[in-house]
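Residue numbers (the numbering used here): 1 to 161.
To be clear, the hints were calculated from the coordinates, so they are not data collected in a lab. This one's a predicted model, so the numbers in the text were calculated from it and none came from an experiment. Please note that a few of the clues may not be correct.
[Stated by the list, open to error] Beta-carbon label-pair distances, calculated as ranges: (1) A77 x L31: 49 to 55 angstroms; (2) E64 x R12: 24 to 30 angstroms; (3) V66 x R44: 30 to 36 angstroms; (4) A84 x A61: 45 to 51 angstroms.
Just so it is clear, CB atoms sit at the ideal spot from N, CA and C, and this is done for glycine as well.
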Amino acid sequence: MTPQHPDLTRLREVLEIYGADRSRWPAADRLALAGIIADTEAARLLLAEYQSLDRLLDAAARREEVAALALTERIFAAAERNRAHRHEPTSSATSLPPPAIRRAPIRSRFEMAAIAAAILFIFSIGLVAGLSGIVAPDSQEIASMDDTIDIDDPLLDEDVI
1 MTPQHPDLTR
11 LREVLEIYGA
21 DRSRWPAADR
31 LALAGIIADT
41 EAARLLLAEY
51 QSLDRLLDAA
61 ARREEVAALA
71 LTERIFAAAE
81 RNRAHRHEPT
91 SSATSLPPPA
101 IRRAPIRSRF
111 EMAAIAAAIL
121 FIFSIGLVAG
131 LSGIVAPDSQ
141 EIASMDDTID
151 IDDPLLDEDV
161 I
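Work out the full structure, taking the sequences as your base and the hints as a guide.
Below is the structure:
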């Protein structure tokens with residue numbers, strides 16, 4: 001059903017954008033559409049349809065809020081129970097002892113020495129490579145670098161474009 005009257009078309013646009021709550025409508029549209037809602041049965045039916053849609057959307061939003069609030073309350077209650085359980089003394093025979101902390105086994109001295117030797121070897125290779133200039137660029141080359149642009153470059157010429 002498409003409304004033929006231009007005011008009904010505008011009413012449908014306003015209802016789709018702002019919903020059925022007239023307090024959210026722009027003041028000019030509220031005044032202009034009040035007459036057509038009072039006079040036309042099709043406008044009242046359209047408004048009633050959008051009012052039921054608004055009620056449905058509001059109910060869905062409230063359900064989500066209630067579910068989120070219930071979840072928050074359950075989380076806080078579980079945290080409170082956990083905190084209270086941690087602080088109460090364990091005197092019953094059914095309670096389990098706290099788990100023992102396991103540490104990684106201590107490596108033998110030979111393994112530790114091998115790791116230290118590998119680290120020392122890698123460090124010395126980096127030191128030799130850095131001092132010999134194998135991996136570092138020449139300092140004169142770095143000193144000659146700057147941020148200037150060659151203006152005589154033909155790619156920058158405006159006639160080329």
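Hints and how they fare:
Separated by about 52 angstroms at the C-beta atoms, A77 and L31 satisfy the suggested range of 49 to 55 angstroms. Checking the proposed 24 to 30 angstroms range against E64 and R12 shows it holds: the Cβ atoms sit about 28 angstroms from each other. Take V66 and R44: their Cβ atoms lie about 32 angstroms apart, and the range 30 to 36 angstroms holds. Checked against the hint of 45 to 51 angstroms, the pair A84 and A61 fails, with Cβ atoms roughly 35 angstroms apart.
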